[in-house]
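Under the UniProt record's numbering, the first residue of the sequence shown carries the number 1, and numbering increases by one thereafter.
None of these hints come from the bench; they were simulated from the model.
Every residue, glycine too, gets a C-beta built ideally from N, C-alpha and C.
The reader is advised that the hints may include incorrect statements.
Unchecked claim - Here are the simulated DMTMM-like pairs of lysine to aspartate or glutamate, each with C-alpha atoms no more than 20 Å apart in a straight line: (1) 96 / 61; (2) 96 / 107; (3) 68 / 148; (4) 96 / 45; (5) 96 / 7; (6) 68 / 11; (7) 68 / 28; (8) 68 / 45; (9) 146 / 109; (10) 96 / 109; (11) 153 / 11; (12) 162 / 140.
What the hints assert, rightly or not - Just the calculated beta-carbon pair ranges, DEER-fashion: (13) 145 / 76: 40 to 46 Å; (14) 136 / 21: 28 to 34 Å; (15) 15 / 102: 27 to 33 Å.
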Amino acid sequence: IRPLWFDNHDDINTFSEATQNTHIMVGDDILVKAVSHSVERSMNDHVYLPQSRHAHDGWYDFYTFDWKTGGLDHELRLPAYSVPMYMRAGSIISRKMRRRRSTQAMDNDPYTVFVNCAIDPAEGGMMAHASGRLFIDAGDGYEHLKGEFLYMKFDYRYRTLK
Numbered sequence: 001i002r003p004l005w006f007d008n009h010d011d012i013n014t015f016s017e018a019t020q021n022t023h024i025m026v027g028d029d030i031l032v033k034a035v036s037h038s039v040e041r042s043m044n045d046h047v048y049l050p051q052s053r054h055a056h057d058g059w060y061d062f063y064t065f066d067w068k069t070g071g072l073d074h075e076l077r078l079p080a081y082s083v084p085m086y087m088r089a090g091s092i093i094s095r096k097m098r099r100r101r102s103t104q105a106m107d108n109d110p111y112t113v114f115v116n117c118a119i120d121p122a123e124g125g126m127m128a129h130a131s132g133r134l135f136i137d138a139g140d141g142y143e144h145l146k147g148e149f150l151y152m153k154f155d156y157r158y159r160t161l162k
C-alpha cells in the first residue's frame with residue numbers, strides 16, 4: 001500500500017491534500033478512495049484518477065467495469081456499503097469472486113483473471129495489451145521463504161493471454 005503520488009510523481013494533482021488523505025494504491029494497479037462518511041447511506045463524492053502510464057490510458061471501476069479517463073476528477077454516486085475502487089487500464093488483475101464468510105473458506109476457490117485493456121479513442125477502441133502478476137502462497141506461515149509459492153506473469157497481446 002502506498003500513496004497515490006508514489007507512482008504518479010509527474011501528476012501534480014496527486015500531491016493535493018485532499019488526494020493524499022483519501023486515495024491509496026494497493027499494488028501497482030488498484031486505486032482505493034477512502035470513504036469518510038457512514039457507509040450505511042448513499043452519498044455523492046468525487047475521485048481523482050491520475051493520468052496513467054500512457055496518455056490514452058485510464059481506469060476501470062472495480063465493480064462495474066465502467067471506463068474512466070485518467071487525469072481527471074470524476075463525480076460519483078456512492079451506493080450504501082461501497083468503497084470506490086479502480087483498476088488501471090493495461091493491467092491484469094486476478095480475483096476470487098465467490099463470496100464467503102472467511103478467507104479460509106476461499107482456499108480452493110478458482111481465480112478469475114480480468115484483462116483491463118487500454119482504450120485509445122484515436123484508434124476507435126481497445127488497445128490489445130495488458131500485463132499483470134499473480135502470487136499465491138499458503139496464506140499463513142513462512143513456507144514462501146522456502147520457495148513454496150506460485151508466481152505467474154501474465155501478458156495479453158493481440159487477443160492472446162500468455
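| field | Hints the structure fails to honour | value | Checked against the structure, the hints that fail are numbers 3, 4, 5, 9, 11, 12 and 15, while the rest are satisfied.
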